[in-house]
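> Whenever a hint applies, use it, and build me the whole structure from the sequences.
Listed below are the residues making up each chain.
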Amino acid sequence: MRLLPRKLALNFMGRARHAMVLSGSLLVLSIGSLLFQGLNLGVDFEGGTLIEVGYPAPVELDEIRGQLEAAGFDRAVVQHFGSAQDVLVRIKPDDRPQSELSNQVLETLRGGSQELQLRRVEYVGPQVGEELRDDGGLAMLYALGLILIYVALRFEYRFSFGAVIALVHDVILTIGFFSLTQIEFDLTVLAAILAVIGYSLNDTIVVFDRIRENFRALRRQSSIEVLNVSINQTLSRTLMTSLTTLLVLFALFFFGGEVIHAFSIALIVGVIIGTYSSIYVAGSSLLVLGVSGQDLDTTPTEDADDRP
Amino acid sequence: MKANQYPWWKNLLVIGIPLIAALYAAPNLYPSDPSVQVSSSRVAIGEAERKQVEQILKLKGLGHDQVEQEGEESLLIRFADPEDQLKAADALRDALSDRFSVALHLAPATPGWLESLNAHPMNLGLDLRGGVHFLLEVDLDASISKAYTRHATDVRTLLREEEIRYRGVRVHGEEVHILARDAETLEQIEEVVKDNYFGTFDVTAGETEGQPSVIMRLTQTAHSDIRRNAISQNLITLRKRVNELGVAEPVIQQQGRTRIAVQLPGVQDTARAKEILGATATLEFRLVDEQSDPYLAAETGKVPLADELYYERDGNPVLLKRRVMLTGEHIIDASSGFDERGLPAVHITLDSDGARQFAKVTGENVKRLMGVVFIEQRSDTVVTDGETHRITRESREVINVARIQEQLSKRFQITGLDTSREARNLALLLRAGALATPMYIVEERTVGPSLGQQNIELGALSVLIGFLLVMVFMTLYYRLFGLVADLALIANLVLIVAAMSMIPGATLTLPGIAGIVLTVGMAVDANVLIFERIREELDNGNSPQASIQAGYSKALSTIADANITTLIAAIVLFAFGTGPIKGFAVTLSIGIVASMFTAIMGTRAIINRVYGTRRSPTLAV
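Those protein sequences? They're chains A and B, same order as listed.
Mapping of the first sequence onto our numbering: position 90 corresponds to residue 90, and the numbering continues sequentially without gaps.
Mapping of the second sequence onto our numbering: position 171 corresponds to residue 171, and the numbering continues sequentially without gaps.
No wet-lab data here; the hints were simulated from the structure.
Hints are not guaranteed to be accurate.
[To be verified] Computed cross-link-like contacts, DSBU-like style, restricted to lysine-lysine with a CA-CA straight-line distance of at most 35 Å:
1. B:K10 / B:K146
2. A:K92 / B:K60
3. B:K302 / B:K60
4. B:K51 / B:K146
5. B:K582 / A:K92
6. B:K240 / A:K92
7. B:K240 / B:K302
8. B:K58 / B:K10
9. B:K240 / B:K194
10. B:K367 / A:K92
11. B:K146 / B:K360
12. B:K274 / B:K87
What follows is the structure in structure tokens.
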């Protein structure tokens, strides 16, 4: 079975301009949304209290809101989580003793008409939230920095910039997606985005590897041609791997439970964007940066000798 | 045409490593039993205790497998279902004296032959087994300012002893100022203080509000000593308190410079845990004013000058003398038990200094009423107008009023407690002593047992489904080669589970399961790269054997590059992440490393077996 015909010669670089327009406008949209709307930061990053309780039968949210309001929790956000039996209560940090809020909320809810089961409590103090936010940002920068160095050592600095441009592109679009949809952004989503960095890089490296190999093998062809041939040769692999990864991610999305939902969404979006960027963005950025065969060590290697 | 053959030792590795891994992954197949652990750090547990435990359980009609001896100091009782486990734990707590701690536990049911190989199941994170995670901030500023206050008192005593006259000793932020009377005494003070506090304080002469003074500032080393001691003292106190809470396998460790992380698997009553971890309790013993009417004082607000108005737990007012007979600092041990009438009581032991003081005042006041004030301090965080503040609340309550029956000294008891649970709690707080430094909770994560179980089930289900989908897809797409990749994938999963079980301290969390799912997707990438390359080589008209050879060798550097970069991301994640995120990084890293072995060497060995020696096979790729 094959996804694509044997000899493929799609003109990817010919559509580089379209891709750039598409990526550009998506980037503008993402950054705009991040600036004006921001992220719907979860308890992890913003501090506050989150309580999830399970009821034996479906409950009305208004009833719970009433209960909480009567007990002075009038700013609590109450919503169903996964099913009508599960309820999530969220309280932003305020001038009450913070670490005891969860127990007070539970006590209030236990006074209601139905028995309930505590499923989960998350309380993050304001200063911890701030630190997690800083650490998260730092982690992303360090990951990008180290990868930049590794790729520069293995390839050439322009490849390294190309890879990082593709990565930054993927990260901004994925975070932008979370800003646009206002899906809650928590620690697991951050972990997912770091995994997206790893994944998308993986894709980009495979394409770059082939580009380098072809610069050595096809010395008489123009850079554009070399890029096109390389992308075509790796295309079925790129799509195959994305497909298998997406298969498991959808399994995670549908069967992994509510808690892991945002995580799997981040990865699904990230993998799709990462696949697109390793085909269009990484190559185009090499062109923009002006990579050509002369920039690489073109002395024939063993690999090249093996070719018939 | 050279044949594709692996040397024998490579074949051995490919067969041997997954087999050994399978052995060490096997304990995870056995579900763990809900169980109760009875242990004591103070007395050895033997046949007698075992009989006692069996009898208690028999009385309550609780079925259990058997009582197992674990080392010299603990017993393990396994149950068929968690409900019996909870009931049994309650029964045992009530019946056994508090020298024993009774903890809920999930005991692994690993068969003996596996255990003898040192094979254990994976550690499960709190999000999978249920429990509480607390992060406590140690208030180091408070311990520093306490040190200044303490030293200020010390300096006063020193100067009095040396018979040097001074105007006053004051604490100004992080400085102690000694106000001198004149230039001559200033020099004397400076000299004495320098001699006595060498190394602890930097001593300089200066001015305070226009007057000559000696200024003392803690040295850098003294400063960091105080900080270090505060943390380690709190760690010890927390360990002690957690021990007495009855938690199996708690984790208490320093995190960062000023924080302590506490993990209590299986704990559900978080209110009690918080009460015990976060509060600082002290006691004050005071005489009751029996001449005045406390109800009148409570109503009118007119309290006699020498008295203070307190309330008992049931709301009754009590008038206590201002003078404190004894403070809780002198208490060296407190244990709960029963008094002569069989009612709950707390037995208290004092240090010799306290015993002397107490003997004197109680001797003078036999037959009078004495009240015990329970003072609880709690620190917490509040946010007003976007600013974070720390607050300390103090609650004072009279927990007991009793007549002094005789002169009390080193050992005595407090009675009048409602339940034995209350007695236990009080004894626990007293025994742990006043905390060296206040702590407050800055993070809590609690996962209820039902959610934990659900997380395991959903996690396992999604791994299974993702796994099957990828396997089916690979077989359809690459036929025989796909099947070989599937075998590698199974081996990869076994290796991950084995590694997680074998690495000490590695913990499986829900994000960790997500990491496994993700590796399943990415592990086939290496095979996709190789197989696509083989197809390409075949399309270019190369012979099957050469195509296999070229496919593997050309894909190798690409696979290495791709995996190393992913590994970089995983390592950064590990370095910066906390708790569950670390779990994700760990499984991802292990998965990547394992996949290099299974997807490259493993598949090659099989492909070589199948096609390696044939002259011109038709490759099913």
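> Does K360 of chain B lie within 35 Å of K146 of chain B when you go C-alpha to C-alpha?
holds, 29 Å
> Holds or violated: are the alpha carbons of K51 of chain B and K146 of chain B at most 35 Å from each other?
Status violated; Cα separation ~50 Å.
> When you check the alpha-carbon spacing of K240 of chain B and K194 of chain B, does it fall within 35 Å?
violated, 39 Å
> Does the structure keep K302 of chain B and K60 of chain B at a Cα separation of 35 Å or less?
Outside the cut-off at roughly 54 Å; violated.
> Is K10 of chain B close enough to K146 of chain B, meaning Cα to Cα at most 35 Å?
violated, 66 Å
> Straight-line Cα separation of K240 of chain B and K92 of chain A no greater than 35 Å?
holds, 33 Å
> For a C-alpha distance cap of 35 Å, please report whether K582 of chain B and K92 of chain A respect it.
Holds, because 26 Å separates the two Cα atoms, which is no more than 35 Å.
> Given the proposed pairing of K92 of chain A with K60 of chain B, does the C-alpha separation stay at or below 35 Å?
Roughly 46 Å between the alpha carbons, so the hint for K92 of chain A and K60 of chain B is violated.
> Would the pair K58 of chain B and K10 of chain B pass a check requiring their Cα atoms to be no farther apart than 35 Å?
This hinted pair is violated, its Cα atoms lying about 58 Å apart.
> When you check the alpha-carbon spacing of K240 of chain B and K302 of chain B, does it fall within 35 Å?
Cα-Cα ~43 Å, so violated.
> Can the restraint linking K274 of chain B and K87 of chain B be considered satisfied, given a maximum Cα separation of 35 Å?
Within the cut-off at roughly 23 Å; holds.
> Tell me if the straight-line CA distance from K367 of chain B to K92 of chain A falls inside 35 Å.
Violated: K367 of chain B and K92 of chain A sit about 54 Å apart, past 35 Å.
When the structure is compared with the earlier hints, violations turn up for hints 1, 2, 3, 4, 7, 8, 9, 10 and for no others.
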